[in-house]
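*Asks:* Listed below are the residues making up each chain.
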Amino acid sequence: MNDILLDVRDLTLDRGEKRILDRVSLTLAKGETLALVGESGAGKSTIAIALMGLLGRSATTSGTARFDDQPDLLSLSERGWAALRGRKLAMVFQDAGAALNPSFTVGRQLASVLRRQLGLSKFEARSRAVALMESVGINDAEGRMTAYPHQLSGGMQQRVMVAIALACNPDLLFADEPTSALDVTIQAQIIRLILEQTRARGASCIFVLHDLALASQSCDRIVVLYAGQVMEAGPTEVVLRDPRHPYTRLLQSCVIEIGTEDLTPPEGSVPPYDQMPAGCRFSTRCPRADARCAAERPPLQPVAGRDLACWHPEDAA
Amino acid sequence: MAVIDVPRKRGTSHGIFRRRPFFTLACLVVLFFIACAAFASWIAPYDPLAQSIDAMMQPPGGDHLLGTDSYGQDILSRIIHGARYALLIGLGSVLLGATGGLILGVAAGLSKGWVEWVLVRIIDAILALPSLILAVAFIALLGQGVDKVTLAVGLSMIGPFSRTVRSDVLQVKSQLFVEAAGLMAIPRLHIIRRHILPNIIFPLCVQVTVRVSEAVLVSASLSFLGIGVTPPTPDWGLMISEGRGFVSFAPWMSGMPGLALAALLIALAIMGDGIREEYDPKLRQGR
Amino acid sequence: MTPLFELREVEKTFEIRRKGKKLGLRALDGVRLTITQGASIALVGESGSGKSTLLRVLLGLTPPTEGVALYQGRPIAQVRAENREFARNVAMVYQDARGSLNPRMTVEALITEPLRHFGICTAAQAPARVRALLARVGLAPEVAGRFPSEMSGGQVRRVAIARALASEPTVLVADEAVSGLDVSSQAQLLNLLRRLQAEMGLTLIFITHDLGVASYLCAEIAIMYLGRIVETGPTRAVLDAPAHPYARALRKAAPEFFAPLAEPLTGEIPSPIDLPPGCRFSGRCAYAQADCRLTDPALLRLNDHRAAACLHPLTQSFANV
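Residue numbers (the numbering used here), protein chains in the order written: chain G, 1 to 317; chain A, 1001 to 1287; chain V, 2001 to 2321.
Where hints are given, some of them may not hold.
Stated by the list, open to error - With a straight-line Cα cutoff of 30 Å, these simulated DSSO-like cross-link-like pairs (lysine-lysine) come out:
id: 1; chain 1: A; residue 1: K1112; chain 2: A; residue 2: K1173
id: 2; chain 1: G; residue 1: K30; chain 2: G; residue 2: K88
id: 3; chain 1: A; residue 1: K1173; chain 2: V; residue 2: K2022
id: 4; chain 1: A; residue 1: K1112; chain 2: V; residue 2: K2021
id: 5; chain 1: V; residue 1: K2252; chain 2: A; residue 2: K1112
id: 6; chain 1: G; residue 1: K88; chain 2: G; residue 2: K122
id: 7; chain 1: V; residue 1: K2022; chain 2: A; residue 2: K1112
Claimed, not checked - Here are a few chain V residues that face chain A, going by a calculated C-beta distance under 7 Å:
id: 8; residue: G2067
id: 9; residue: R2084
id: 10; residue: A2087
id: 11; residue: D2096
id: 12; residue: G2099
id: 13; residue: L2101
id: 14; residue: N2102
id: 15; residue: R2104
id: 16; residue: H2117
id: 17; residue: I2120
id: 18; residue: N2303
Stated by the list, open to error - Chain V side only, calculated, beta carbon under 7 Å to chain G, not exhaustive:
id: 19; residue: E2046
id: 20; residue: Q2188
id: 21; residue: N2191
id: 22; residue: L2211
id: 23; residue: S2215
id: 24; residue: Y2216
id: 25; residue: A2219
id: 26; residue: E2256
id: 27; residue: F2257
id: 28; residue: P2264
id: 29; residue: T2266
id: 30; residue: G2267
id: 31; residue: P2270
In short, the hints are calculated from the structure, not lab data. Here a beta-carbon is modelled for each residue, glycine too, at the ideal position from N, C-alpha and C.
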């Protein structure tokens, strides 16, 4: 897996005084699935939005993001983005009901993407749209083409979103919490669908998730974020079976599974941006932190098969 | 178990003047007019009612900074004194309208069945006519004079106020904290007083600031039409109307009070909008 | 002993109009449920399962269309109308904690309101009482002067819990009280609820969609599907060996570390306006047989503790455990 599709180096993002992302680095190979996990404020959705070129003007970025043959996504012009977005990069949002336009039928929305991006004729676009809807598991696709988004269930809306995102066979799909608005029995269906469809196209996928167990079930690699800094990154099996970063350990200790007897959550909460330590941002809540952690940022270094940013890593489990 | 302290979020209201330069300018203009109104007798160079045959229709400059009118009255002094009437009538009528609107709107929002139906029809009937026309109708009933104009304009504003109050009541009434209070078996009157009214009053205050300019305009229009304040009161609308016949050779007679009126109206409107955008939670969520 | 809550064949139909025709939407259909004093029970179900309606029936906010809903042996609506006792004894924590707190009141005022309303303490004692309640839910005394908008989601939920506890209730009803929070705040809150239940001997009725949360907090579970309780029993026993195929599917769908992704349920949830004949789950059930499409199974006992609404329960032998 040497074919690197996406290589983000030191992505830093500021909104005014607030440093939302602090030197985030990550790589993604072709055909790989990556999970960005962390709690709210970790910056996982912001990474996806930045890499889709959807940041507003209030944000300033530094660092580089090489994608396929593009030397740097972050310095692209709006025209450059327009050529990539939808064709090479696509996104599935958390709330499909809000992402779909309520005043057009789903068939028309899907067909319009095909016509605009691929230049298909009206007739071609329509038959292609029906085929796409069938491929994402929508029964009676022909009939559902004329349905408005509100006439579909949440799961069906999310399927339509996936069909729209995959319409142009993108190389990279972002899925921002694609199932957290859905019922549990639908959740697995949608994750499966996204995995099957991206795999069939040889595309890569970045999932933004808050559920570690779900990440372990669906992704090859995982990046654990805390307050805009990468804490630990590596193959999901390695990182989650034997986490070495105190934050990953704590995060895992908060996960409730059926039959969990005890939970030992970390105390406190994420500090506000103006009170962030200069070094490791987790140091204010970390049981292993000392003066150095607060002052000096630990570099992301390979440790035991994964990348780790910690001065005092945990021992093997 | 650790005890959590919650850091207080930094107040944002202090920065409002720096963030909104136009708002600040508008506030200064309004303050200037308020100062004029308050200290008119000291600031004004002449008696606003003093007529002088020697100094009729003098152009701006010289002894009379903004010129004189057809009776030889000093326009600057009349404008300064006129600010008093404009603001008094504007504020008075808006407060009247807001009070009436609050009572009617809360009653309509909280009542049910045929009472609600009747109240909503009344509000709709008031709203069917523009406030100026309604004010003219009230003037016809009440007669002329500063107090009558205030009353007429105030009554004509009850409609719009009661409509917004009613929709606010309906919105607050459906909120979870009202249901939660009901669940605790808290008496209905108590819920209205403690949970519904405080959430109505604030948006109403914002509405008041937004509508002051409308009230000033309507009262000036009444005077312009000759059915509001009676001459020789130094009212801007009246002054504009008096200068109308001389526009071709003494444009300052209508122009100067017109400029004053325009400046005050624009400033009030910008100020009202600024306050609404800053404090209205409905507009705030996007920020 | 009279159970605290008892629901017998409770049915709730909402009338809706569609294309000019009046239709009955059956939100609850033949619900049987008994909750004893001191129990902790999780009501689990997906959207449209009727758990919110069931909650409103339990709180006396919605009268059932058919059947009886009793609190200590008397109709809930009647008990509620009589005096403040029911309102004082049964406290509620809403899913939307922020929405359930008046945004124009400080934390102090919010918690003082039930204290004074139920006559728990005098006005002079209230500030100390408020601080004691805040300490109980793990918030610093300084929080008393804050407004809900100045606090994070987890903190606002703590305030809502403190407010619910102010009336010294015996029953705490919580609607998705930990959902939508970060895992660490969620875990902190779950531990808090567990501690409160143990310390105060509360009866806990907890609505959730998360089986992990249910098993962590509640000794009993009731799983709902399309307006009916399809399985009840001790949480561990039910989750270890579900008898109803829907309970089993729900159990399998919960994310589990390193397990393969769950096999999804087939088919779609039928509309509650137009329920299929026979078992309401039969269209999606992998174990459905011919009679499932004809007979609508009621919630029947499997043994002393467990009950399921299934003609062919998955676990055949149910000796009394």
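*Asks:* Taking the hints in turn, state whether each one holds.
*Replies:* Here's how the hints hold up against the structure:
no.: 1; hint: A:K1112 x A:K1173; result: 13 Å, holds
no.: 2; hint: G:K30 x G:K88; result: 13 Å, holds
no.: 3; hint: A:K1173 x V:K2022; result: 28 Å, holds
no.: 4; hint: A:K1112 x V:K2021; result: 26 Å, holds
no.: 5; hint: V:K2252 x A:K1112; result: 49 Å, violated
no.: 6; hint: G:K88 x G:K122; result: 22 Å, holds
no.: 7; hint: V:K2022 x A:K1112; result: 24 Å, holds
no.: 8; hint: G2067; result: 22 Å, violated
no.: 9; hint: R2084; result: 5 Å, holds
no.: 10; hint: A2087; result: 4 Å, holds
no.: 11; hint: D2096; result: 6 Å, holds
no.: 12; hint: G2099; result: 4 Å, holds
no.: 13; hint: L2101; result: 6 Å, holds
no.: 14; hint: N2102; result: 5 Å, holds
no.: 15; hint: R2104; result: 5 Å, holds
no.: 16; hint: H2117; result: 6 Å, holds
no.: 17; hint: I2120; result: 12 Å, violated
no.: 18; hint: N2303; result: 37 Å, violated
no.: 19; hint: E2046; result: 4 Å, holds
no.: 20; hint: Q2188; result: 5 Å, holds
no.: 21; hint: N2191; result: 6 Å, holds
no.: 22; hint: L2211; result: 5 Å, holds
no.: 23; hint: S2215; result: 5 Å, holds
no.: 24; hint: Y2216; result: 5 Å, holds
no.: 25; hint: A2219; result: 13 Å, violated
no.: 26; hint: E2256; result: 6 Å, holds
no.: 27; hint: F2257; result: 5 Å, holds
no.: 28; hint: P2264; result: 4 Å, holds
no.: 29; hint: T2266; result: 9 Å, violated
no.: 30; hint: G2267; result: 9 Å, violated
no.: 31; hint: P2270; result: 11 Å, violated
Against the hints set out earlier in the document, violations occur for numbers 5, 8, 17, 18, 25, 29, 30, 31.
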